[in-house]
Amino acid sequence: MHRKYKYGFEKLTVWQSAKHVAVLIYKLTENFPKSEMYGLVSQMRRAAISIASNIAEGSTRDTKNDQARFYQIAFGSAIELTNQLMISQEIGYLNHDTFVEVMDELSRISFQINKLKSSALSSKYLREEGVEYGVNTNPDELHLEFDSNATAPNPSQPLSTPLNPSQPYYAHDSAVIDSGAQIGLGTKIWHFCHIMPGAVIGK
Numbered sequence: 509m510h511r512k513y514k515y516g517f518e519k520l521t522v523w524q525s526a527k528h529v530a531v532l533i534y535k536l537t538e539n540f541p542k543s544e545m546y547g548l549v550s551q552m553r554r555a556a557i558s559i560a561s562n563i564a565e566g567s568t569r570d571t572k573n574d575q576a577r578f579y580q581i582a583f584g585s586a587i588e589l590t591n592q593l594m595i596s597q598e599i600g601y602l603n604h605d606t607f608v609e610v611m612d613e614l615s616r617i618s619f620q621i622n623k624l625k626s627s628a629l630s631s632k633y634l635r636e637e638g639v640e641y642g643v644n645t646n647p648d649e650l651h652l653e654f655d656s657n658a659t660a661p662n663p664s665q666p667l668s669t670p671l672n673p674s675q676p677y678y679a680h681d682s683a684v685i686d687s688g689a690q691i692g693l694g695t696k697i698w699h700f701c702h703i704m705p706g707a708v709i710g711k
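Numbering-wise (this note's numbering), the sequence shown opens with residue 509 and increments by one.
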């Protein structure tokens, strides 16, 4: 028997994943040194909670711009947590396998948050009949593996296919490109970049 959801955001796959990460971060940071209680522990827990909280709050907003704003905050918190995990692993607070597991899930969450934001900004109406944004209907489309052996991006190699065949630039799936940005021919936009309205990039 399926559980009945009291709130709409509970149905969102991305919120479910973000909640799982928040719980995981709380458990992992219990093993951090006591000296980090008001340092990394506090910061990581706040960032993890912020991801799920802003996804939930954004889903209740009445306007698409307001909705997208909360999703952008959630995305920023995901990047903040990513940075904190990298530092924790390098210090030695996290083992390799745990680090890769959480980073891989954060990559998927970041991608899904971008999908939510894009859906909000491109939709004529806030909600469409029969559509639940963020529900993973095709896992292959939403799965971004974190490669622990990855090297820095090579500018001589294209990232991926363009976001749209009519757009003559390359952008990673985790990048956020706001309406009104001007992007030059052949420009490459890397992981987690945020191109804001009015920005002019490339030639």
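None of these hints come from the bench; they were simulated from the model.
Certain hints may be false.
Unchecked claim - Result set (DSS-like, lysine-lysine): computed pairs, CA atoms no more than 25 angstroms apart in a straight line:
| id | residue 1 | residue 2 |
| --- | --- | --- |
| 1 | K623 | K519 |
| 2 | K623 | K514 |
| 3 | K527 | K623 |
| 4 | K535 | K572 |
| 5 | K542 | K514 |
| 6 | K623 | K542 |
| 7 | K527 | K514 |
| 8 | K572 | K514 |
Going down the list of hints, with the structure as the test:
{"no.": "1", "hint": "K623 to K519", "verdict": "15 angstroms, holds"}
{"no.": "2", "hint": "K623 to K514", "verdict": "24 angstroms, holds"}
{"no.": "3", "hint": "K527 to K623", "verdict": "18 angstroms, holds"}
{"no.": "4", "hint": "K535 to K572", "verdict": "35 angstroms, violated"}
{"no.": "5", "hint": "K542 to K514", "verdict": "38 angstroms, violated"}
{"no.": "6", "hint": "K623 to K542", "verdict": "38 angstroms, violated"}
{"no.": "7", "hint": "K527 to K514", "verdict": "16 angstroms, holds"}
{"no.": "8", "hint": "K572 to K514", "verdict": "22 angstroms, holds"}
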